[in-house]
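Asker: Read off the chains here:
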Amino acid sequence: MEKGLSRLIGRRWADLAATRLMFVATVFVASVAVFIGIGLLLKSWPILEARPLSELLFSSVWCPSRGEFGFYPFIMGTLWVTGLAGIIALPLSLLSALYLAEYAPNKVRALVKPALDLLAGIPSVVYGIWGILALSLGGISIGFNVLAGGIVLAIMVIPVVTSVSEEVFRTVPRDIKEASLAVGATRWETAKHVVMRASLPGVAAAVVLGFSRAFGETMAVLMVVGNVARAPSSVMDPAYPLTALIANNYGEMMSVPLYDSALLLAALVLLVMVLVFNVAARLALARVQRRWA
Amino acid sequence: MNETCISIRHLSVFYGKSVALKDISLSIPGRQITAIIGPSGCGKTTLLRSINRLIESTDETRVSGEILVDGQNIMDRRLDVTALRKKIGLLAQKPSPLPMSIYDNVAYGPRIHGERDRKALDRTVQDCLQTVSLWDEVKHRLRAPASRLSVGQQQRLCLARSLAVRPEILLCDEPTSALDPVSSQTIEKKLVELKKDYTIVIVTHNIHQAIRLADYVIHLYLGELVEHGPANEVFEHPKEERTRAYINGTFLADIKFDKELDLKGTKCPYNFVYAKLALDDLAEGNILRIIVDDPTAVTELPRGMEADGYEVLNSNQLNKTDWEIVIRK
Amino acid sequence: MGRRKMEEAIFKCLMVASVVIVVGVLLTMIVMVIWRGLPALDLSMITQTPKGGYYLGREGGILNAIVGSLYLAIGATVLAFVISLPVALFLQREYIGRARFAGLVRLCLDILWGIPSIVYGAFGFIIMLYLGMRASLLGGIVVLTLLEIPIMARAMDEVIRTVSADLKDASYALGATRSETAVKVVTRQVLPGILTAALLAFGRGIGDAASILFTAGYTDRIPTSLLDPVASLPLAIFFQLGTPFPEVRERAYASAVILLVIILLISIASRLLSRRLAKHVVK
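Residue numbers (my numbering), protein chains in the order written: chain D, 256 to 548; chain G, 6 to 334; chain R, 97 to 379.
The shape of chain D in the complex, shown without the other chains:
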C-alpha cells in the first residue's frame, strides 16, 4: 500500500515536472523572435539615433566611409528580386499543383511528388551554382541582374509552394468537387471556383511560406544578382538585396564608424519586411474568409 502510494506520487510528480519543462521550452521558443527583434534594435540604435529614419530608408546614397547610409537601393533590390520571383513562381506552382492534385494520373503524381519534396530540400548554394552555370552558358547570357536573381529564386521557391499547395488541394472533400461536376461544370471550372476557393487558406499559407524564404534568401541570390548599390529600374538592371549587403560586408565593417550598426539595421529592416508580409497576408486572408466561410 505504502509502496503503491509513493509510486503514484512519484508519477504525479514526474508528470508535473514534465509539464513545467515543456512550458519553459515553449515560452523560450516563442520568445526567440522577440529576443531577435530586441537584440537587433539595440545594436542598430546608434545609427537610428545618428540619422533620421526617413533618410536611412529613402536615401539612395550608400557610402559608409563618408557616413552616408541610404538603404533605399537595397530595399528596392529585395523587393524587385522577390517580386519578380513571385510573378514567375506563383502561376507555375499553382498550375502545377492543381494539375498534380486534380488531373494527373496516380503514377505521375507518385513520381513527381517525391521529386518535388527532394528538390525543396536542396540547399540554396546549389541553386546559386546552377544560376552561375546557366548564366555562363554563353550566347544567351542574360547577365547578372534582377532577372537572373528572380529566376533562380523562383526555381528555389517552386518546389516548396507546389508541394504544399498540392497537399492542400487534395484535402478538398471529394463531395463538393462532385457536387460541382454534377451540375455540369468542367474540371477546370470546378478547380477554379470550388477547389481554389475551398483551399484558399492553405494555399495562402504555402505562398507565405515560400515567399518568406524568398525574402530572406541570401546565397543563391547573392551569386547571380550583380550586387550594384543602385535601385533597379528594370529587370535587366543589377540589384543589391539586403541579404547580400549583410553577407558581403559583415567581415570588414569594424573599422568604419556606424557600419556595424547599419548592417544590423539592414537585418532589422529585413526582419520587419518579412513580418509585415506575414501579418498582411494573414489579415487579408482572415478578411476573405469572413466573407466566404
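FYI, nobody ran anything at the bench for these hints, they're computed from the structure.
Careful: at least some of the hints might be erroneous.
Claimed, not checked - With a straight-line cut-off of 25 Å between C-alpha atoms, the simulated BS3-like cross-links for lysine-lysine are: (1) G:K144 - G:K99; (2) D:K362 - R:K108; (3) G:K269 - G:K92; (4) R:K108 - D:K447; (5) D:K447 - D:K362; (6) D:K447 - G:K99; (7) R:K108 - G:K269; (8) D:K368 - R:K108.
What the hints assert, rightly or not - Selected chain R positions facing chain D (in silico; Cβ < 10 Å): (9) E103; (10) I117; (11) M125; (12) L187; (13) I214; (14) S260; (15) A266; (16) R300; (17) L331.
Unchecked claim - Label pairs and their calculated CB-CB ranges: (18) G:H242 - D:R425: 45 to 53 Å; (19) G:H242 - R:L263: 26 to 34 Å; (20) R:L139 - D:R425: 54 to 62 Å; (21) G:Y275 - R:R202: 40 to 48 Å; (22) R:R202 - G:R67: 44 to 52 Å; (23) G:K264 - D:L540: 39 to 47 Å; (24) R:R202 - G:G270: 37 to 45 Å; (25) R:Q144 - D:L303: 28 to 36 Å; (26) R:E190 - G:P186: 33 to 41 Å; (27) D:V531 - R:E190: 50 to 58 Å; (28) R:D265 - G:P186: 27 to 35 Å.
No experiment lies behind these values; they were computed from the predicted model shown.
Beta carbons are placed, not taken as given, at the ideal position from N, Cα and C, and that holds for glycine.
For this one, chain D is given, so just place chains G and R on it according to the hints.
Answerer: Then chains G and R, alone, in the frame of chain D:
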C-alpha cells in the same frame, strides 16, 4: 407518361481488378421514382454514378456496355459530359454545400452554363429555393455562407442547386441517410412532388423508404441485377427468392433468429470459420444472425456462405462500424 | 459551350506545360550541377583536408568542410530535437488548454520559420560578441539550432495533431498520466513523422550558409574542440567559387555534388525510416 427514359444495356463496371457491376440490362421509366435497393456494397451507387458518368473521376475504372438517355448513348467518348450532367442532377448522400454563399450555391450551375443576367439569376434562385421550401427560411440571408445552414437545410439547398440547371433526371444517392427524421421526411415529400416533372432515381438501403417512394424497383446484389419491375409487383410478389429474402430481411424485427453471434473484433477468415461452426449446430432452415465490424467480412463473408450453399438473407449496416449479416442454413 | 471547352483545354495545356517546365528545369538543374561537378570529383576531395596552396589549385580536399558540416548539422539537430519535441507535445490540448495560447505559439513558430537565416546569423553574431566568443563550432551549432527549431517544432506539431483523441483516451482510461501518454503513446504513434521532421530540419541545417557565415568561421583544419572555428560545405562551395582559378571553381561544383549526395541520402533515409517505423502505428 411512362415512356422509357434511361435504358441500360450490358453495363459492367470494374474498379481495378474487382467487378462492381456485372452485365446489367434494364430500363428506367420516365417521370417516376425508381428505387435501387440492395445491401451495402452491392453496386447501387456505382450504377447511379454511371448514369451521369461521375464514376470516371475514380482512377482505374473501366466501363463496358451502354446507357441510353433519350436514345443517346452516354458512354460515347465524344459526348459532352458537361451537357449530360446539366441534364442529370445529383443529390449526394452527405449535404455538400459549395464554399460560397447560399445565393451563389444555387446560382453556381446557371452561371457555369453562361447565365449572366442578374434578374434571371434572381428569379431562378428564388424559384428553386421555393420549390424546396427553403426560400422563407433564407430569403433574408441569401449572402450568408451556405455552411451556416443546418444539415437538413443544406440538403434542401443542394436539391435546389441541382434543380437550378433545369435537369430532366434527378439522381439521389441515399439522400436522407445523413439527416434527422424530420428533414428526411421533408426531402421525401419534395421528391414525390418533383416526380411529375422529373425522372427520379434514388439509391436507398432503407426498404421502408423504397416502399414509400418507389414506383419502380431495381434490386442489386453483389453487383448483379436480381430483379427489377414496378414497385407493387416486386414488393408484393417478388419473382426471386433473394428479393423476397431481402425485403423480409429488412423487417427482421418480425423474424426470429435461431442463434445470434457477435463476431466484432475478429478478422477474416476467422469470423467466417466461427460462423460456419455456429451454422453446423443449427438445423436446416434455421436462421443465424452475426454482427461483424471487419469491412472485408461484409463483402467476403456472404460470398463465402453462398458458395458453401447457405442462403444470405441480408447484410445490413447497423452503425458506423457494425454490420449484421443474416444467414439461413 | 465552345468557349467553356476552349477554356478547359487552354488551362489544361497551361497546367501540363507548368508541370513540364517545373520538372524539366529542376531536373536540368541537378543534371547540370552533377555533370560539371563529377569530372573534378576524386577520392582526395573527400579524404583530405586542404593542403598548402589548395585554393590556388594544388593538392588537397574538402574533408574539413564535410566533417565540419556534419558536426554542425548533427549537433544542431540533436539540440533542436531536444527543445522542439517538448514544445510540440505541449501544444496538444491536454497541456496548453486554451486554444488562444496555442495559436499564439504557432504564430511565433511560423514567424521564426520566416526569419531569414542571415538575420539569425547576424543575431548570433551579436550574442557571440556580447559573450566575448569567437566564431566557433559551438556558435554555429547554436545558431543552426535556432534556425532548425521552428521547422522541427512546427512539423512535429502537425503530425502530433493527427493523433486521434480516442487513442489518447484509451491511455488515460488505463490511468496513465498526461506525460506518460505523451511519451509512451503519442510519441510512439507518430515516431515516423517526428523523425521525418528531424531529418527535414537536418537537411535545412546542413545546407544553410548564411547563418553560419559569421558564427562558425572557416578553417582548413578539422575542429578538435567546440570552441574551434569550423568549415562547412556550403561555405566551401561559396569560397571556392569566388576564386579566379578555374581548377578551384571546378572543385566548387564537385563540392556541390557531395552536398547533393548528402541531401539525397537524407531524403532516402527519411523515406525508409518512416516506412520501417510505421509498423507500430495504429491505423
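Asker: Decide, hint by hint, whether the structure agrees.
Answerer: Consistency of the hints with the structure:
1. Distance check on the hinted pair: G:K144 and G:K99 sit about 24 Å apart at the alpha-carbon level, within 25 Å; holds.
2. Distance restraint check for D:K362 and R:K108: the Cα-Cα separation of roughly 18 Å lies within the 25 Å cut-off, and the hinted pair is therefore satisfied.
3. Proposed proximity of G:K269 and G:K92 is contradicted: the alpha carbons are some 44 Å apart, above 25 Å.
4. Proposed proximity of R:K108 and D:K447 is supported: the alpha carbons are some 12 Å apart, at most 25 Å.
5. Restraint check for D:K447 and D:K362: the C-alpha separation of about 24 Å stays at or below 25 Å, so the hint holds.
6. A C-alpha spacing of about 23 Å is found between D:K447 and G:K99, which places the hinted pair at or below 25 Å, so the restraint holds.
7. With a C-alpha separation of about 48 Å, the suggested pair R:K108 and G:K269 falls outside the 25 Å cut-off, and the hint is violated.
8. Between D:K368 and R:K108 the CA atoms are separated by roughly 19 Å; this keeps the pair inside 25 Å, and the hint holds.
9. Taking 10 Å as the C-beta contact cut-off toward chain D, the hint placing R:E103 at the interface holds, the least distance being around 6 Å.
10. The interface hint given for R:I117 is met, as the beta carbon of that residue sits about 6 Å from the closest beta carbon of chain D, less than 10 Å.
11. Interface hint at R:M125: satisfied, since its Cβ lies 4 Å from the closest Cβ of chain D, which is below the 10 Å cut-off.
12. Against a cut-off of 10 Å between C-beta atoms, the interface hint on R:L187 holds, since the closest Cβ of chain D lies about 7 Å away.
13. Restraint check, R:I214 versus chain D: the minimum CB separation of about 5 Å is within 10 Å; hint holds.
14. Interface restraint check for R:S260: the shortest CB-CB distance to chain D comes to about 17 Å, outside 10 Å, so the restraint is violated.
15. For R:A266, the suggested interface contact is broken, since its CB lies about 18 Å from the closest CB of chain D, more than 10 Å.
16. At a threshold of 10 Å, the smallest CB-CB gap from R:R300 to chain D is about 7 Å, leaving the interface hint in force.
17. The closest approach between the C-beta of R:L331 and any C-beta of chain D is roughly 8 Å, which is under the 10 Å cut-off, so the hint is satisfied.
18. A hinted range of 45 to 53 Å holds for the C-beta pair G:H242 and D:R425, which are about 50 Å apart.
19. Taking 26 to 34 Å as the suggested C-beta distance range, the pair G:H242 and R:L263 does not conform, at roughly 52 Å.
20. The supplied range of 54 to 62 Å is broken by R:L139 and D:R425, whose beta-carbon atoms lie about 45 Å from each other.
21. Between G:Y275 and R:R202 the beta carbon distance is about 45 Å. The supplied range of 40 to 48 Å therefore holds.
22. Taken as a hint, the range 44 to 52 Å holds for the pair R:R202 and G:R67, whose Cβ atoms sit roughly 46 Å apart.
23. At roughly 60 Å, the beta carbons of G:K264 and D:L540 sit outside the given window of 39 to 47 Å.
24. A C-beta distance of roughly 38 Å is found between R:R202 and G:G270, which places it inside the suggested range of 37 to 45 Å.
25. At roughly 48 Å, the beta carbons of R:Q144 and D:L303 sit outside the given window of 28 to 36 Å.
26. A beta carbon spacing of about 37 Å between R:E190 and G:P186 agrees with the range 33 to 41 Å that was offered as a hint.
27. In this structure the supplied range 50 to 58 Å is violated for D:V531 paired with R:E190, their Cβ-Cβ distance being about 35 Å.
28. Taking 27 to 35 Å as the suggested C-beta distance range, the pair R:D265 and G:P186 conforms, at roughly 30 Å.
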